[in-house]
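> Residues per chain, in single letters:
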Amino acid sequence: MSGPSASPWVDLRQVTVRYGRVQALDQVTLCITPGERVALVGANGSGKSTLLRVLNGLADASGGFQCNTDMRQAMLFQRPHMLRTSAQNNVALALWLRGTRWRDARLQALTALQRVGLQGIAAQNARTLSGGQQQRVALARAWALRPDVLLLDEPTASLDPHAKREVEALMADFAASHSAAGPARPVTMVFSSHNLGQVKRLASRVIYLEHGRLLADLPVHDFFNGPLPEAARLFVKGELV
Amino acid sequence: MSTLTESASTALQLTLSSDPVLWTIVGRSLSVSATACLIACGLGLVLGAWLGVARFSGRGAVLAVLNTLLAVPSVVVGLVVYLVLSRSGPLGALGWLFSFKAMVLAQAILVLPVVTALTRQAVEDAERAHGEQLRSMGAGPLLRALLLAWDERYALLTVLLASFGRAISEVGAVMIVGGNIDGFTRVMTTAIALETSKGDLPLALALGIILLAVVLALNVLIALVRRWRERVDGSASSTPVGVAA
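Heads up: the protein sequence lines correspond to chains A and B, in order.
Mapped onto numbering that gives the first Met the number 0, the consecutive letters of the first sequence carry residue numbers 0 to 240.
Mapped onto numbering that gives the first Met the number 0, the consecutive letters of the second sequence carry residue numbers 0 to 244.
For the record, the hints were derived by calculation from the structure and aren't laboratory data.
As the structure is a prediction and not an experimental result, all values here were calculated from the model.
Cβ coordinates follow ideal geometry from the N, Cα and C atoms, glycine included.
No false leads were mixed into what you were given.
Partial list, derived from the structure: chain A residues whose beta carbon lies under 8 Å from chain B: (1) Asn-55; (2) Ala-93; (3) Arg-126.
When you get a sec, could you build the whole thing from the sequences and use the hints?
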């Protein structure tokens, strides 16, 4: 397993999450440092989304959990929820919820939409946009917050190939940018994906989960070229999805 | 069957005759129920939305009581309001008994559980589907409740219709607290009850037909507004799959 040396953004020690009788995460120990681009991979139900929810503070977990709360987070979901209002208002809402005045939030929202190439549809109702456009609005919503950490739960899973490429390019652009803390602090990105090509292109580190347990945590090169546990090897070969 | 035919004929004649007494009663019915619904919606939408999102100990008991209140008979509500507004009651000094205000109060109390319970269900479903994303953006329970209620505004129009239907069709509460005073507190339902007791069944049925026609017209109007707004605002699901950019 990789051993980060810088001050971590998050440090999980034997974290467990249960949903009733289902063990979604089983004693996961994990440390993520600022600037890392971590991919979570594994079969359906392996605990990727739950781990992202724990990192975002959305799921109750038992075990040790230390997080640098100074670092701002934003999360993207597989199917972003757009309120029944304009794309600009959808982006502005996220800023308003973090304390920005509504008028300023709308101006900043427009800038964020420009960044994802959607300034032309700012006034259009977000519900009428295509899946790819909605995901880009969600990215603009995240980007507008200038987060230090970006969490993405299978952000391209439900998109067609063209939209997938667009969103992936924006993710790469996002990862390459620096956070609100300045150029010295790059954006930390944690994303789950079934697309191993995307993992190779975007990640610097890969975590493999199975039945809620963390089975492999390796730099991306080692994950695809080095020895792996049997289940992870089958997953990489495409025999376990 | 002949009574029904006669009633339909009487209803048509009454409608065409532009009888001022009839239209005053229709207008009073609409204004009492509309005012009551506005008051109940003001409270019930916020309360229901909050109940759809908030999690606290005893919530199950609160919901059980709320759902039970859905079945409360209108005469019971009327009786309670009567006791509260009667001269010896706690609000007797207001002098509201046998007035428009008393009927509005009774109907508002009657439909409040309807608005609250249906709103709670709509918002709770929305919270289950999308609440996590709003939580992730930093929205607390009350803001989430209000945002989800606003987002479900077209679904909540149905709640408005249901509550209005409950209000305008009830007779027990307005009869007790209004007193069915001619030209003052007589509404459609109390007029129907009166004509039935007098044995004038065709007229009673005709009034019932007019009442239904008024409600039908209102339903159609709201449905048209809803369809128009949904077309303008976009009613597409927020969870598109494989749609081209």
